[in-house]
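Student: Each chain, written out:
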Amino acid sequence: MELKYFINISFLLSLLLFMNACNKEEYAIPTLSTNLQNDVIKRSLGPNVVGQQIEFAYAMAMGPKVGKIVSAQVEASIAGATGTFLENRSFYTNTGGADVGVIIGGASVTNGKTTKVTFTADTSAVTLRYYYVVPEEARGKSVSFTFSAISSNGQTASYAMGPYAISKMDMVLGLDLSDNNACYISIADMAVYTEANAAANADKIDLVYLYRTTPANFTHALVSPAADAIYLPGITLPSGVNRSAKVSKVWNLRDWQLDPKHQYSVFVDDLDFQKLDLSGAPNYALNLKAEAGLWVETADSKYRAYIFINSINNGAKSAKIGIKRYAL
Amino acid sequence: MKNYIKIIVIFILVPLVWAGCKKDFPIDEDGLLITDRAQCYVSNFDLIGSDLLSVRTKTPLIDTVAQIINIEVQFGTDLKNLYPQFTLVTDAKLDPKITGKVDFSDLLNPKVYTVVSGNRKVKKPYTVFITVQP
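Going down the list, the sequences are from chains A and B.
Everything in the first sequence is counted per this note's numbering, starting at 1 for the first residue and increasing by one.
Everything in the second sequence is counted per this note's numbering, starting at 329 for the first residue and increasing by one.
Heads up, some of the hints might be wrong.
[Stated by the list, open to error] Here are the in silico distance ranges between beta carbons for each label pair:
#1 B:372 <-> A:82: 55 to 63 Å
#2 B:427 <-> A:57: 42 to 50 Å
#3 A:291 <-> B:353: 41 to 49 Å
#4 A:16 <-> B:353: 46 to 54 Å
#5 A:51 <-> B:382: 34 to 42 Å
#6 A:311 <-> B:460: 40 to 48 Å
[Said to hold, decoys possible] According to the in silico footprint, chain B covers these stretches of chain A (three or more CB under 8 Å from chain B):
#7 210-220
#8 240-250
Everything labelled a hint here was simulated from the structure, so no lab data went into it.
Even for Gly, the Cβ is constructed at its ideal location relative to N, Cα and C.
Bound-form chain A, shown alone (with noise of 0.2 Å):
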């Protein structure tokens, strides 16, 4: 009997699914707004560091007939340093694949946080690139932008974007180091010395670049000025030059922000440093490669240091890196 009333509830229950799943859903063509509207996102990946770009591309558009947009402007948290600015080109790409700009109002002008362009094209619908370049008075802090636009007949349309957190680390790009002249590596300024540059900046000489083919395997080498004299063979070290740092040598660590021309890059943050443990590490490197990576520890423990090898060259003796720095 109850199996009886469970089998006639269960055949009611999937019939009422059954017509439900064959009600026919009539479609309706969605009815386009012509108020002012806009949307953003932001194009730059990976940390935000001090000196660097952010890029937004900020899209606004309206119903042709209703109006035209007369401004666009964004204001950031934090005003930021000098080259910021939002493109005042909205750009489309030709049938030879090149991105092609099209001038729709006069250059960007940044009064403090805000950074506005005043349309001088009929435009309806267009899509402007911000950048924003990172202030050293935003380091370690987090920064929002507001996206706004207004237009001819008086709409006003906002989009908001962030918080987004600024690392606290440096970034310098593009280091060169040569065998015997630009050879003294400085992580506090993140600079490079001659002998004679080095002397006058000798408590902040962290490493020597150095290239030798003998012994075997020593090639191009990073070595604290402290190490052990057979790692700076025919290295008379400018007077006052003796810190000893920590390196350990990393592979398959490519940073996009030190070579961006990786696909699978990664990015190294903030975080890497503050968990880095180099207790127990030593002072010297040999056998660096093109593409490895060294991390580093000064010595008075003031800066973590991530040294990447973007190329060497054995027939020059010379090397040139990128360097990200935190500081402790």
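For chain A, the structure is supplied; the task is to place chain B on it using the hints.
Tutor: Relative to chain A, chain B alone:
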């Protein structure tokens, strides 16, 4: 209805009882299977640097009779931070276990690793001798 429940319970219990009565495979204290293999040797050895690349200069000499491994590493190798990498015969295991970096800097007191056979009855200590490339 009660009969249905009884049948279902019986169908669930029977496989459980059957599975519970199956003979257990012998495993050791590490949860590894103890097998019948008595072979006990190292077939390959390498030393890996902090950059996870090999630091050896050539194929190491592994003497399975004298139970020694001779390996030459590159000039400037940081001997305090090396990962030893053993390749053992099937089912064998190593004692002590390798859990991270090992300090090989005391060249006068070379490290000893014991290979334990698959049946856990044969144990052979291997001594690792390191020389640095001149």
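Student: Hint by hint, where does the structure go against what was stated? Just the numbers, ascending.
Tutor: Structure breaks hint 6 only.
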